[in-house]
Amino acid sequence: MSIHVERLTHIYHPNTPRARTALRDVSLSIEDGACAAIIGVTGSGKSTLVQHFNGLLRPTGGRVVVDGLDVGARETRGADLQALRQRVGLLFQFPEAQLFAATVYDDVAFGPRQLGLSPSAVRARVAWALDAVALGHDDAVLARSPFALSGGQRRRVALAGVLAMRPRTLVLDEPSAGLDAEARAELYAQLRTLRREHGLTLVLVSHDMSEVAELADQLFVLADGELRLAGAPHQIFGDTEAIIAAGLLPPPLALVGALARARGLAVAPDATTLDATTNALLAALEGRGDDAR
Amino acid sequence: MLDNLPVGIYIAGTSPIHELRARTKLLLLCWFALIIFAANHNDFHFGVYLLSFGLLALAILVGRVPFGYIWRRMRLLLVLLALGIPFTLMFTPGDTWHTFGPWDVLGGSLGPVIVTYDGIWFVISLGAIFLLLFLGSMILTMTTSPVALAEGIVVLLRPLRRFRVPADEFGLMTLVALRFIPVLVQETEQLIKAQVSRGANFTTGPVGARIRGAGSLLVPMLQGALRRAEDLSMAIEVRGYGVSGEATLLHEGRLRLLDWLALLLIPAATLLAYFKL
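Chains as they are written, first to last, in my numbering: chain F, 1 to 293; chain Z, 1001 to 1277.
No lab work stands behind these hints: they were computed from the structure. This structure is a prediction, so every number in the text was calculated from the model and none was measured. The beta-carbon is built from N, C-alpha and C at its ideal position, and this holds for glycine as well. Each statement offered as a hint is correct.
Which residues of chain Z face chain F? A few of them, derived with a C-beta cut under 7 Å, are:
#1 P1066
#2 L1191
#3 K1193
#4 S1197
#5 R1198
#6 G1199
#7 V1219
#8 P1220
#9 G1224
Listed next, with one range per pair, are the computed distances between beta-carbon atoms:
#10 V1079(Z) - A232(F): 54 to 64 Å
#11 P1206(Z) - H13(F): 26 to 36 Å
#12 H13(F) - Q1223(Z): 21 to 31 Å
#13 G264(F) - A1225(Z): 58 to 68 Å
Full structure from sequences and hints, please.
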């Protein structure tokens, strides 16, 4: 399941005084099974971009081809888009505000029921989805009102609601916003498991580069509706100036590397983990010998 | 999806129409309602209409209100008016203008339909007052920021405080309502998108599924609105609203020359048109 974006432009409210160009000439490709992160500050167009991936928005200019389906083409019908939305699950920002059913079970079952599955198939999917987000599916959980859960648990119910559609691609818009450190770590662990065990393609939207860097193998940096940087984390992290120019904070380790290089230490810019950076720093210090001390 | 909601949206600008105080515009709108109402009793005299619509057209031009906006929001009103016209013409009693029919239909006779002068004038006068008030309030909300509008209402209501009318509270209520319409619209759009992403279908499909879909919107919408109201009341409370008695105004300062001119010349001109044309 691949996503190809070619010269995508999106204008909100075209031909009115409120017209606003949210995306300008963006091209990128996300391959099957990849984990891509789309990073940018508020208003950089990242949410607009991902809403093209399941056909909620149609391009004003350019093309978006998901799984062979041209989202913007005139001959693409509503039924095609509905099928696409089953394959591409999209979890919005603060999804816990979108729960509505009387019980956790009914809420998670909303999507599968829309697909017209048999009651037993719906039940199986709900159980699977709730297990995948580590909520468990005993009756005490299923019968609870989602409004009686904590914020973090409600977000997991919302994620389960999307997973119950059994998408091949999962797009998450700022999935960790407002979560504490522990809940955040759990969320990313669950995403990692989903990817490993079910081969999900993941697209993460975030404004925090260091947070998604560990999970993602492709980064796309947006600023002012334009694609500024694209590549693997180790390719992008070295370019701290470009990251700062996009209004973002480079990961602390990348800054350490950049500072060391500015002081004349030969640290390779592609070290992204703590271990690699430490080793690179030590090696560089060794290389400099006595005058480093 | 909800782009064509008929709520006036403020379009920032610096035209003379934008520069007018909100209360000037409110007063003028009231004046237009009054004078048109009076002119409606003056059968087949078009002076006030021509002048009023001329002034509104001028306001649209000077205020640079995009015509497409007005048109999109006016279409529905025009359709409703047009639907009412035949019935009004057919069933208003009075002096006969023209008799249509009777016709022979399937062996029986239908009609005659008598169109009266009173019917014709009723259609014209009713249409005029609807269109004028609608256009006027469109121009008002498009050229006045919600905050200024709420303050204008407060200023106009203040004299009534003597009679224990809570003027400031009315102003605050207006402001909150105006301020949160776009927010709620945006939130609803987001919700629609979220539920559509989960396979909901609000426009096609079996009725049962559509009703389920509506429920999936209403519950979080209401919940969000209530949560917002709670947060807002807390925020207002925390900032000491009502502690010092009277809130000061940011936008509604003294009336300026432009305001005085508008407030004097427009009523004078329309009055002249009322009595002389």
